[in-house]
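K.L.:
In the order they appear, the protein sequences are chains A and B.
In terms of this note's numbering, the first sequence has 107 at position 107, counting the first letter as 1, and numbering is strictly consecutive.
In terms of this note's numbering, the second sequence has 43 at position 43, counting the first letter as 1, and numbering is strictly consecutive.
Treat the hints as calculated values from the structure; they're not laboratory data.
All C-beta atoms, glycine included, are put in the ideal place defined by N, C-alpha and C.
Hints are not guaranteed to be accurate.
With beta-carbon atoms standing in for the labels, derived distance ranges [unchecked claim]: (1) 76/A x 10/B: 28 to 36 Å; (2) 1/B x 80/A: 40 to 48 Å; (3) 38/A x 56/B: 22 to 30 Å.
Derived, one-sided and incomplete: chain B residues facing chain A with beta-carbon distance under 8 Å [stated by the list, open to error]: (4) 5; (5) 16; (6) 21; (7) 29; (8) 33; (9) 34; (10) 39; (11) 41; (12) 45; (13) 47; (14) 52; (15) 54; (16) 61.
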Amino acid sequence: MQLQTKSLGILEYDKKAIIHLPEGMLGFARLKDYVLIENPETEPFKILQSLDDPYVAFPMVDPHVVEPEYRCEIDSEDAESLGFRDPIDIITPVVTVIPEDPTKSTVNLKAPLLINQHKMIAKQVVLTDSSYGTMQPLMPVPGQDECRVDSQ
Amino acid sequence: MLVVTRKKDERLMIGNEIEVQVLKIGRDSVRIGIKAPQSVSVHRYEVYEQIQAANLAASKSQLPPQGALSGLLKGLKKKPVE
């Protein structure tokens, strides 16, 4: 199948690659079908491209790149609605905002997208009890590394 | 906006499936219980608004040009401490 996209040109995809979000992304409730595009040129980002609106795409990143200890507690209702049996089926990429100055990119660790890779269904959940922010810096804060060196 | 007065323990129905109950009334806050089908997500408004804004901003992201991107990624790759 083919889709003309805004930023990625003509995209070829297999029907099996379609990820269905019954509730859509928050704020994008009408857009329910996506593909997650992996491309060596955009690593470590993946692009979550809407199949309903070629102009809508979200850069996604594995939260462990930013927060190696990242933990995502899924409540039983969410787990059930996504048909999770085995945690191996799940990936939890987070939405990335890449502004004009890419060094100011942020990630939304509070609302990961839970994808059941086996069933190809997904849901953006809110980790209500976590202290993760919705706009945490993607890059280490400048100066922090130097401080660490000083303290050693 | 529909405005309704409810006392403690009284409920509201929204449609046929969503039940809202006033559980506790404090000085500056009320405790509310919500029963809704699994397909309905309930969010605190402020959090919903923040995530909606973050999603909207993300959807406007442009992947930076190749060179800039590899520069950006260097910061993310953990170098072993010497």
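K.L.:
Evaluate each hint against the coordinates.
P.N.:
Verification of the supplied hints:
In this structure the hint that residue 76/A and residue 10/B lie 28 to 36 Å apart at CB holds, the actual value being about 29 Å. The given range of 40 to 48 Å is broken by residue 1/B and residue 80/A, whose C-beta atoms sit roughly 33 Å from each other. The hinted range of 22 to 30 Å is satisfied by residue 38/A and residue 56/B, whose Cβ atoms lie roughly 24 Å apart. Restraint check, residue 5/B versus chain A: the minimum CB separation of about 29 Å is more than 8 Å; hint violated.
Checking residue 16/B against chain A by beta carbon gives a least distance of about 19 Å; that is not within 8 Å, so the hint is violated. Of the supplied interface hints, the one on residue 21/B is violated, with its beta-carbon coming no nearer than about 19 Å to a beta-carbon of chain A, more than 8 Å. Interface hint status for residue 29/B: violated, as the beta-carbon distance to the closest one in chain A is roughly 17 Å, over 8 Å. Given the 8 Å rule on beta carbons, the hint for residue 33/B is violated: about 15 Å separates it from the nearest Cβ of chain A.
Interface hint status for residue 34/B: violated, as the beta-carbon distance to the closest one in chain A is roughly 13 Å, over 8 Å. A least Cβ separation of about 7 Å between residue 39/B and chain A falls short of the 8 Å threshold, and the interface hint therefore holds. A cut of 8 Å between beta carbons decides the hint on residue 41/B: the least distance to chain A is about 6 Å, and the hint holds. For the restraint placing residue 45/B at the interface with chain A, the shortest Cβ-Cβ distance is roughly 12 Å, beyond the 8 Å limit, so the hint is violated.
The closest approach between the C-beta of residue 47/B and any C-beta of chain A is roughly 6 Å, which is under the 8 Å cut-off, so the hint is satisfied. For residue 52/B, the interface hint holds, since its Cβ comes within 8 Å of a Cβ in chain A; the closest pair sits about 3 Å apart. Proximity of residue 54/B to chain A holds as hinted, the smallest CB-CB distance being about 5 Å (cut-off 8 Å). Using the Cβ-Cβ criterion of 8 Å, the hint placing residue 61/B at the interface with chain A is satisfied: the shortest such distance is roughly 4 Å.
Hints 2, 4, 5, 6, 7, 8, 9 and 12, counting from the list given before, are not met by this structure.
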